[in-house]
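Peer 1: Model the full assembly from the supplied sequences, consistent with the hints where possible.
Protein sequences, first through last, are from chains A and B.
Number 66 in the working numbering belongs to position 64 of the first sequence; there are no gaps in the numbering.
Number 56 in the working numbering belongs to position 47 of the second sequence; there are no gaps in the numbering.
Simulated from the structure, these hints should not be mistaken for lab results.
Ideal Cβ placement from N, Cα and C applies to all residues, glycine included.
Hints may be right or wrong, so weigh each one.
Listed next, with one range per pair, are the computed distances between beta-carbon atoms [as the list claims (entries may be wrong)]:
{"id": "1", "chain 1": "B", "residue 1": "E78", "chain 2": "A", "residue 2": "F20", "range": "47 to 53 Å"}
{"id": "2", "chain 1": "B", "residue 1": "T95", "chain 2": "A", "residue 2": "T107", "range": "21 to 27 Å"}
{"id": "3", "chain 1": "B", "residue 1": "F97", "chain 2": "A", "residue 2": "S52", "range": "26 to 32 Å"}
{"id": "4", "chain 1": "A", "residue 1": "G44", "chain 2": "B", "residue 2": "I60", "range": "39 to 45 Å"}
{"id": "5", "chain 1": "A", "residue 1": "R82", "chain 2": "B", "residue 2": "R119", "range": "20 to 26 Å"}
{"id": "6", "chain 1": "B", "residue 1": "S76", "chain 2": "A", "residue 2": "T22", "range": "39 to 45 Å"}
{"id": "7", "chain 1": "B", "residue 1": "G107", "chain 2": "A", "residue 2": "E69", "range": "23 to 29 Å"}
{"id": "8", "chain 1": "B", "residue 1": "S31", "chain 2": "A", "residue 2": "H40", "range": "19 to 25 Å"}
{"id": "9", "chain 1": "A", "residue 1": "G44", "chain 2": "B", "residue 2": "E78", "range": "21 to 27 Å"}
Listing some non-contacts, in silico: residues in chain B with all C-beta distances to chain A over 10 Å [what the hints assert, rightly or not]:
{"id": "10", "residue": "L20"}
{"id": "11", "residue": "E24"}
{"id": "12", "residue": "N35"}
{"id": "13", "residue": "Q50"}
{"id": "14", "residue": "D63"}
{"id": "15", "residue": "S76"}
{"id": "16", "residue": "K79"}
{"id": "17", "residue": "P84"}
{"id": "18", "residue": "K92"}
{"id": "19", "residue": "N93"}
{"id": "20", "residue": "T95"}
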Amino acid sequence: KNEVEQSPQNLTAQEGEFITINCSYSVGISALHWLQQHPGGGIVSLFMLSSGKKKHGRLIATINIQEKHSSLHITASHPRDSAVYICAARTSGSRLTFGEGTQLTVNP
Amino acid sequence: DGGITQSPKYLFRKEGQNVTLSCEQNLNHDAMYWYRQDPGQGLRLIYYSQIVNDFQKGDIAEGYSVSREKKESFPLTVTSAQKNPTAFYLCASSMDRGGNQPQHFGDGTRLSIL
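Peer 2: Structural data, given as structure tokens:
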């Protein structure tokens, strides 16, 4: 069992839908990252959070430390949101443990 | 613009050859990282460096080598000892060594065996 598990692995939505991607981890962490990987392979850091909730535009990330669970929400989804979304847990020092990613496809 | 540059974008290697992947950053970041990405798996850490002239093995360092002679450069050599080198390689950097800042990623290099 991976230390960081994401669900679902694949997600298809219609434009405008509210989207939730989940991340569970089984180890103690000091922070959790959400990343976005575009089809060409480049990765962009979306959020880094250790408690509560963060919001940037249509993206919201939440974390529940007691339940060892984080969610990434996308409101009013758009085809340009199509990408792989990756959660990563900072477990020791500066090292990250990555989930396998969620492939999101938003159809017009 | 500040960022991380990986080159080349695509790289082909013959059996038994060593190849070096370039990673350069102009963000003045102390820490740099190399990851490997395989289909259906999460990124795995190969090597990381928190300061010039120092680096540590990650989870899958066998068959790889690195150097950190300059702050802005962290090249990765895939040696002939790496038996399954075909993968997507990502370089990243972060401002601090303690992991309190997010990592910035390059666009990756895709390595294939001929």
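Peer 1: Each hint should be assessed against the structure and marked as holding or not.
Peer 2: Against the structure, the hints come out as follows:
The hinted range of 47 to 53 Å is satisfied by E78/B and F20/A, whose Cβ atoms lie roughly 49 Å apart. Checked against the given bound of 21 to 27 Å, the beta carbons of T95/B and T107/A, roughly 26 Å apart, stay inside it. At roughly 29 Å, the beta carbons of F97/B and S52/A sit within the given window of 26 to 32 Å. One distance hint, 39 to 45 Å for the beta-carbon pair G44/A and I60/B, is violated here, with the actual separation near 26 Å.
Range check, R82/A to R119/B: about 23 Å between beta-carbon atoms, so the 20 to 26 Å window is met. For S76/B and T22/A, the hinted distance range of 39 to 45 Å is satisfied, since their beta carbons lie about 43 Å from each other. Take G107/B and E69/A: their Cβ atoms lie about 26 Å apart, and the range 23 to 29 Å holds. Between S31/B and H40/A, the C-beta spacing of about 21 Å keeps the proposed range 19 to 25 Å intact.
For G44/A paired with E78/B, a C-beta distance near 26 Å keeps the hint of 21 to 27 Å intact. Consistency note on L20/B: stated as away from chain A, and its beta-carbon is indeed over 10 Å from all of that chain's, at 13 Å minimum. With a cut of 10 Å on Cβ distances, E24/B stays outside the contact zone with chain A, its closest approach being about 25 Å. Remark: the non-interface label on N35/B is consistent with the geometry, its nearest Cβ contact in chain A lying 17 Å away (cut-off 10 Å).
A cut-off of 10 Å between C-beta atoms contradicts the statement that Q50/B is not in contact with chain A; the least separation is 6 Å. Listed as outside the interface, D63/B is consistent with that label: its C-beta sits roughly 13 Å from the nearest C-beta of chain A, beyond the 10 Å cut-off. Chain A leaves S76/B outside its interface by the beta-carbon criterion, the shortest separation being 19 Å against a cut-off of 10 Å. A cut-off of 10 Å between C-beta atoms confirms that K79/B is not in contact with chain A; the least separation is 20 Å.
With a least CB separation of 19 Å from chain A, P84/B remains clear of the 10 Å interface cut-off, as annotated. Consistency note on K92/B: stated as away from chain A, and its beta-carbon is indeed over 10 Å from all of that chain's, at 23 Å minimum. Here N93/B stays apart from chain A, with its beta-carbon at least about 18 Å from theirs, past the 10 Å limit. No beta-carbon of chain A is positioned within 10 Å of the beta-carbon of T95/B; the least distance is around 14 Å.
Violated hints for the displayed structure, listed by number in ascending order: 4, 13.
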